[in-house]
Amino acid sequence: MVANQITKPNFPLADHFDSPEQQVDAGKLGMWLFLATEILLFGGLFVAYAIFHNLHPELFKAGHRYLDVKLGAINTVVLLFSSLTVVLAIHAAQKNKTSMVALNLVITLVCAVTFLVVKYFEYTHKFHAGLLPGYFFTNGEIPAPDQAHIFFGIYFLMTGLHGIHVVIGIIVLLWLLVRSLKGEFNEQYYLPLELGGLYWHLVDVIWIFLFPLLYLIR
Amino acid sequence: MVANHLEEESYLTSKKGISSWLFTLDHKRIGLMYLVSVMFFFFMGGLFAILLRMELWSAGETIVKAKQYNQLFTLHGAIMVFLVIIPGIPASLGNFVLPLQLGAKDVAFPRINLMSYYIYVVGALIALSSLFVGAIDTGWTFYTPYSITTDGGVVVMVFAAFVLGFSSIFTGVNFIATVHKLRAPGMTWFRMPLFIWGIYATAIIQIMATPVLAITLVLLIIERVFHVGIFDPQLGGDPVLFQHFFWFYSHPAVYIMILPGMAVISELITTFSQKRIFGYKAIAYSSIAIAVISFLVWGHHMFVSGQSELVGMIFSALTFLVAIPSGVKMFNWAATMYQGSISLATPMLWAMGFFLLFAIGGLTGCFLGTLSIDVHLHDTYFVVAHFHYVMVGGTFMAFMGGIFYWWPKMTGKMYNETMGVWSVILVVLGFNLTFFVQFLMGAQGMPRRYYHYLDQFQIYHQISTVGSFLLGFGFLFSVITLLVSLKHGKKAPPNPWHAATFEWTETASPPIEHNFHHQPICTRGPYEYDQIAKSV
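Residue numbers (the numbering used here), protein chains in the order written: chain A, 1 to 218; chain B, 1001 to 1536.
If we strip away everything but chain A, and leave its shape as in the complex, we get:
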C-alpha cells in the first residue's frame, strides 16, 4: 500500500494520504473551516455589539472616550507587523533558511507578548477607574453611570475573547518555534507554519475590526 504513495524525501507523509499535495490540501481546507468557526464565534459578539449599539448609541459614544486610542493604535501596528513576520517565516522555510524561520517566529512572539502587555496596562487603568461590566461598575464621572456598564461589558467580552486567542496564538507560535529549531521545516514541508500563520492572521483581522468598533466611534 505504501508503495502506491508518491513521496518526497523531506516530507513526513501520513500513511492515509497518497501524496504530499493531498495532505497539504486537506490540512489547509481543515484550517479554513476552523477559521470559519472562529469568525462565527466572534460573530455572536459582533451581533451583540450591533444590537446594543443600536439600543444605546449614546452609551457607546460616551464610553469609548474612556478608551486609550493611542494604546489601541500601537497594538494595531504591532499586530499588523507580526502578521508580516509570520509570512516572512514561511517565506524563509520555502528557501530552506532555517535560522530565518526561527528568527521571524521569535519576532512574531515578541509582538504578541507586547500586545498583551499593552492590553494589561489598558485593563489596569479600567480596573482602577471602575470602568467594569455589570455589578462591578463603580465609575461615577461617566454620563448615565447606571447604564454605561453595558459598553464596558461588551468591551471586556470582545477584547477578552480576542486576548484569549492571542494567548492560544502564542502557544501555537512557541510550538512552531520548537519544531523549527529542530529543523523540521524545509522547502518541501512547511505546512504547520502555513496553518499556524493562517490562525495568527485571523487573530490580527479580528483586532482590525475591534479597534475601530470600540476605540474610534463617532
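Accuracy of the hints is not assured; some may be wrong.
Unchecked claim - Label pairs and their in silico Cβ distance ranges:
1) L116/A <-> F1043/B: 22 to 32 Å
2) V1225/B <-> L116/A: 50 to 60 Å
3) V1225/B <-> D68/A: 19 to 29 Å
4) Q1519/B <-> V178/A: 49 to 59 Å
Claimed, not checked - Every beta carbon over 12 Å from chain A, so not counted as near; a handful from chain B, in silico:
5) L1219
6) H1244
7) F1367
Stated by the list, open to error - Pulled from the structure, derived: some chain B residues nowhere near chain A, Cβ distances all over 12 Å:
8) D1106
9) T1150
10) T1216
11) A1282
12) F1436
No wet-lab data here; the hints were simulated from the structure.
Values in this document were obtained by computation on a predicted structure and should not be read as measured data.
From the three backbone atoms N, C-alpha and C, an ideal C-beta is built for every residue, glycine too.
Position chain B relative to chain A; hints supplied.
Coordinates of chain B only, in the frame set by chain A:
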C-alpha cells in the same frame, strides 16, 4: 480478492490490549467507542424519561417533588440532545462508514478524530458532575433570566455543552475535509453514496452553527458569574436576545440530528429494494437545501416570545420551506421502493418505522409552523409529541436501522433475524403508545414541563406511561439482540445484504485495519446492484 487475504487480521484483532483502543487513530475503532458511549448515555437519558413518566402516572406528587421533576426533564433533555442524538449517527456510524464508503484509509485528520472523542468524554463527565453541584432545572434550553437566577450547577452544565460543541465541530471539519480530499479514484461527487451527502450536509451545519452556540453559552456563563448585563433585564440586557442566539444554533442542530438519519434511510431503502435510488440528485441536493434553510427558521421557536408580527410571519413562511426538501426525500424513497424486490429484513423494518413516524412528526411540524395555531399549541404536549416523533421516531429509528445494517460489517457477526424483527415491532408499538396520546392531550391544552395535571388528562398520561415502559423494553431488547450476536451470531459474509457500496463490495466483514487491501477504484454509481459480482 477478499478470499486471498483471509489470513490478515481484522481491525478488531490486529492490535490487542486496552491501550490499543484508548490511543487508536483508526476511524473504525473510534466509531465503535463513540457507539458504546452514545448508547450508554442513551440508556441513562432513557432512565430519566421512565422516571418522568412514572411521576406522571397520577396527578400531584407520585414519586418525586416538583423541583426534582424539573431537574429530571432537564437532565433527560440535556443528555439526549447533547450526548446522544447530536453526536449519535455522525460520530459513531459516520466515523465507521464514511471513509469506507469513500474508499479512503482513514478520515483526513485521525488525531483530531481521537481528540474529538476525548473532548466528548470530558464534556460528558462535566455534564454528569453538575449532578453533584446540584442538578439544574432550567430545561435543556437554559432560557434567561431564569437560568441566571436559579440555583444548582447551571454553569457546569452549560460549560459541558460548550465543551461538547468542540467535539462536534472537530467531527464536522474532519468529515468535510475527508469528503473533499480523500475520495477514491473515479469517485465523483455524484457517485458518492447518499449517506455521505447527508453526513456532509450535517457537517456544514455542525461547523456553521455550533460556534454561535459556543459564544452564547460563554455569554450565559459570564452573565451568571459576572452579571455583565447582556441577557439580564435588571441590568439593561435583553433576555430575548438569548433566545435568538440559542435557537440560531439549536434549530440548525435539529437538522444535525435528522439529516444523518435521512442519510442512513437512503442506504437502507435502496439496498433492501435492490433497486437504483429514484432521484439521486434530488435527494443529494435536498440534504444541502435542508442545511441552508435550517439557518433561516430559528424564529419559529419564538412566536410567543415577543417578536414582531411581521418577523413571525416571515419565519412561519420560511419554516414551511423545510417541508419541500423533506417531502422530496420521502417521495423519492417511496418511488425507489416501487417495483423493487423488497426484502423485509430488520434494517428495512426500522426504515419502514422511520417512514411512518417521521411522516407524522413532519406533518405535525406544519401545524406548529403555522403562526396562529402555534399560539394555541405552544408549550403543550403537542410540541413534546411532535419533536419526539421527529427525533426518536425519525433519527433514532434510522440510527437503530443503521446499527442493524452495519452491525455485520462492524463486528463480523449476524444477529438473530427474528429477534431483530421483534425489536422493531416493540419499539414502534411502544413509541406510538407513548407519544400519540400526547398529541391529543396537547391539543386539549395540557402544558409541557408540569409535574401536575387536571384529572381529565389522567387517562392519556397513564397510556403514555405504559407505552414508555414498552418502548424502553423494545430498545433494551434491540441491544440484547445485538449483544447476543457477539457470542452466538453466525459469521458474517463480506456482503450479506447484496449492497453495492465500497464498505460491502471491497472489503471483508470486519474490515482490516487499513480498510482495503488495494485502493478501490470507482467505476459506477453507488446503487448499481446488477453490476456487483454474485460471488462476493
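Okay, the hints, checked on the actual structure:
1. L116/A <-> F1043/B: 22 to 32 Å: violated (47 Å)
2. V1225/B <-> L116/A: 50 to 60 Å: violated (23 Å)
3. V1225/B <-> D68/A: 19 to 29 Å: Holds, since V1225/B and D68/A (Cβ atoms, about 27 Å apart) stay within the stated range.
4. Q1519/B <-> V178/A: 49 to 59 Å: Given a distance of about 36 Å, which is not inside 49 to 59 Å, the answer is violated.
5. L1219: violated (7 Å)
6. H1244: violated (8 Å)
7. F1367: holds (31 Å)
8. D1106: violated (4 Å)
9. T1150: For T1150/B, whose nearest Cβ neighbour in chain A is about 18 Å away, the distance exceeds 12 Å, so it holds.
10. T1216: Violated, since 6 Å does not exceed 12 Å.
11. A1282: Holds, because the least Cβ-Cβ distance between A1282/B and chain A comes to about 27 Å, which exceeds 12 Å.
12. F1436: Since the minimum Cβ distance to chain A is about 39 Å, F1436/B lies beyond 12 Å and the statement holds.
Of the numbered hints stated above, those contradicted by the structure are hints 1, 2, 4, 5, 6, 8 and 10, listed in ascending order.
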